[in-house]
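Heads up: the protein sequence lines correspond to chains A and B, in order. Sequential numbering from 1 applies to the first sequence in this note's numbering. Sequential numbering from 1001 applies to the second sequence in this note's numbering.
These are computed hints drawn from the structure, not numbers from a lab. Just so we're clear, the structure is a prediction, and the values are computed from it rather than from any experiment. Warning: the hint list may mix true and false statements.
[Claimed, not checked] Within a straight-line C-alpha distance of at most 20 Å, the following computed EDC-like cross-link-like pairs (lysine to aspartate or glutamate) qualify: (1) B:Lys1283 x B:Asp1031; (2) A:Lys371 x A:Glu324; (3) A:Lys49 x B:Glu1329; (4) B:Lys1199 x A:Glu216; (5) A:Lys21 x A:Asp234.
[To be verified] Examples of chain B residues toward chain A, derived with CB under 10 Å: (6) Asn1155; (7) Arg1190; (8) Arg1192; (9) Asn1195; (10) Gly1196; (11) Arg1198; (12) Ser1212; (13) Leu1226; (14) Gly1228; (15) Ala1230; (16) Pro1232; (17) Ser1243; (18) Ile1355.
Here a beta-carbon is modelled for each residue, glycine too, at the ideal position from N, C-alpha and C.
One-letter residues, chain by chain:
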Amino acid sequence: MNQSLLVGTFANEHDLLHATKAARQRGFPIVDAYTPYPVHGLDEAMGLKPSRLGAVCLLCGLFGVVTAMAFQYWTMAIDWPINVGGRPFNSWPAFVPVAFEVLVLFAGFGVVFAFFGVSRLFPGKTAEVIGPRVSNDQFVLVIEAKDNAADGDSVFDLFREHHALATEECVPSEASSGAAPSFSLRKWNIALIVLFALIGVMNWIMGSDTQQHNVEFLPEMVHAVPYESFAKQDDLPRKMAMQPPPEGTIARGQLPLHYQANPKDAEKAGKELVSPLKASDETARKRGAVVYANYCLMCHGGAGEGDGPVSKRGVPAPPSLHAEKALKIKDGQIFHIITYGQANMAAYAAQVPRGDRWAVILHVRELQKAKGAGK
Amino acid sequence: MVEVLSPLREALVQGDKSLSQVTDDVCNPLDRKTSRLWWCAFVVSFAVMMLGVVAMTYQILTGIGTWGLNRTVGWAFDITNFVFWVGIGHAGTLISAILFLFRQKWRTAVNRSAEAMTLFAVMCAGLFPLIHMGRPWLAFWMAPYPNDRGSLWVNFRSPLIWDFFAISTYFLISLIFWYIGLIPDLATVRDRTPNGWRKRIFSFFSLGWNGSFRTWHRYEVVYLLLAGLATPLVVSVHSIVSSDFATSLLPGWHATIFPPYFVAGAIFSGMSMVLCLMLIARKVMHLEDYITLRHVDAMCKMILATSCMVALAYGIEFFSALYSGNPYEHFAFMNRALGPLAWGFWIMVACNVLIPQLLWFRQVRTTIAVVFVITIFVNIGMWFERFIIIVSSLQRDFLPSSWASYTPTLVEIATLLGSFGLFFTCFLLFCRFLPMIAVAEIKAVAAGQGHPAGHSAARADKAANGGDA
């Protein structure tokens, strides 16, 4: 169908609009108009139907929101449910923000790609420009020449009536009639289908090996250079990378105390254990004062009178550290008492490390000395 | 309907331009030789960007221990800058989408560059959380993809994941919106460029646009739909950003007013940034006929309005703290206004609340130099707002034993400067290689307001049609 096209060029939107209206009234088949900007009212003048892109946008948006909600429900409630304080797995209000974002993303891109598709716009397409100034300041109306009413003369008359700058008749060649781009598009589509088919066939032939890792990105953290502690290691005893420590090994800070938590062992400790600290050790004494203030003061009181703040609130008061018995008690026995507790006193081994226990004993002796001097 | 132009209003495009003059005015700067001023600006921006690149390389190689963060103040410069840049971006969408829906025709002169600014600002914003991850090459873990760890999925209940979705959607939608607006103008540039590699590039990206009205007809629908989508999107993005804070239990962050407060603040800071850049651009690119005093006036009014909203939010925050009867809230806000960062708080109040009040006066709004200074103050103030919200709330937490302070390291400052370098480098490249003003849109405005080409008849005709203003 090599029908010729009649082209009228106008200087402003007003002339174009009127010419289009007149052409439609006279029943001329309008092919298209070309304008530098969207002219208001031209769609009505050309008799264009409202675009259905709105519906496309709505459908894409709905698809997006349903997909997002379903995916979030599946991941959070079915595939990998995480118990957060006993709250329901399907905590759908928390899924709304992501669902909304996906809605906008799908609707926006859906409608844009639909627009590109329906308008045949794609990167690298050679533009079929009807006139060099259409994108600048000229308006063009194209009418298809028919043998009956819309013959060349009557159409050109209409153009001239509306102050056309130029009129022209052109016969579209095959290359510019729109067949070429669709043909090349089809070529692309065929190439794509072939490509997908090839990939599918290759995949089927090669099969998949679920034993193998996928391509890993920066795998140093996963595959450590040294032996993994619990990995199998055939050339070592017990066939394990990690070997048992030598007999009698003691972990750092875990020096054993060979005593039981009873008064007999406390006395025994008093005889056997000697403080590693000297009474003149200033740093240890200061440390002892801090430890005393943190852990002992609330029961034993600042001066060791057994009048700490908690004893005034119902906790049984401990005996005074200045009592006859307490003055006679040996350092090693105090160490045992701090470590294992005694009567109402709890064990402090977990809170006060070994060195601190000896330091706090120094402080207790200090208190006792101060009180004794005061007497 | 004799257009929106009452005789009292100035024309949006001045100097009675014909359509081809409009094309020339916007596109000629692209054909001219690069000016020395542009080169100076570019070299400076590029150098600053390189400084940032060095700082980023260093901190990525070394780890984010190079920052001044500590166990108490775990968010500071990074998140401040992130929120700051996202906020800057929002004005672009406001101008392109919301003002489009409201049929504010003055937007056509500034929307293109405002949208470009959005893109660049979101790029700058994205940098900071990316670096904050510590191992940015694992950033793809944020995306829910099937993996051999379970599959272990991201936690969709976390606002940080909402943020990931919001920011990436925002960037993509802003990009496509900007590009859709650009297509007809790319075609315009293509048609006036002599054959060569530039023409080939413009041909590639203009998608074969030929001005067909059937395409225009659909184009307008798509543009309207995108504007309709971008409008709630921009509100959602900054609401979600504010949820990063508001969903925590920290006094000073845990507030229901945060989403609207952040959105208003974002538009406030973004508008100031747009105006600031426009004032430079109209001078440097000689676009005084397109970005007129009327545009400046309109944008000043928006800045004033959002400033008042932000001021109201500041007041409400303090009132809620008082009214809550919660001693921790009381303390957080007393600390904000009178504590160790009080200086920052008062800079924020001065720049965001007090200085913009000058814009009530017409004389101020029409004095370009003063407006320029005010926009810079607003940007400083809005940066401080985010800094104060984040750091002053964190530095005095529930246990006095863990109270700490925060000072940025040189690395952090260099990164912030670098983000500005990136922003201005991108913006300068944009000004140099793409039409800064939406040519097609502004032609519709210029034609609509009637000029010597004998358009009075067209206007009467439009009135008869009930055509849109």
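Here is how each hint holds up against the structure:
1. B:Lys1283 x B:Asp1031: holds, 18 Å
2. A:Lys371 x A:Glu324: Judged against 20 Å, a Cα distance of about 12 Å means the pair holds.
3. A:Lys49 x B:Glu1329: Given that 20 Å is the threshold and the Cα spacing comes to 59 Å, the pair is violated.
4. B:Lys1199 x A:Glu216: Roughly 42 Å between the alpha carbons, so the hint for Lys1199 of chain B and Glu216 of chain A is violated.
5. A:Lys21 x A:Asp234: violated, 91 Å
6. Asn1155: holds, 7 Å
7. Arg1190: holds, 7 Å
8. Arg1192: Constraint on Arg1192 of chain B satisfied, holds at 7 Å.
9. Asn1195: violated, 13 Å
10. Gly1196: violated, 16 Å
11. Arg1198: Check failed: Cβ of Arg1198 of chain B comes no nearer than 15 Å to chain A, outside 10 Å.
12. Ser1212: holds, 5 Å
13. Leu1226: Holds. Min distance 6 Å.
14. Gly1228: Gly1228 of chain B check passes; min Cβ-Cβ to chain A is 9 Å, inside 10 Å.
15. Ala1230: holds, 8 Å
16. Pro1232: holds, 7 Å
17. Ser1243: Result: holds, 8 Å to nearest chain A Cβ.
18. Ile1355: violated, 35 Å
Of the numbered hints listed earlier, those contradicted by the structure are 3, 4, 5, 9, 10, 11, 18.
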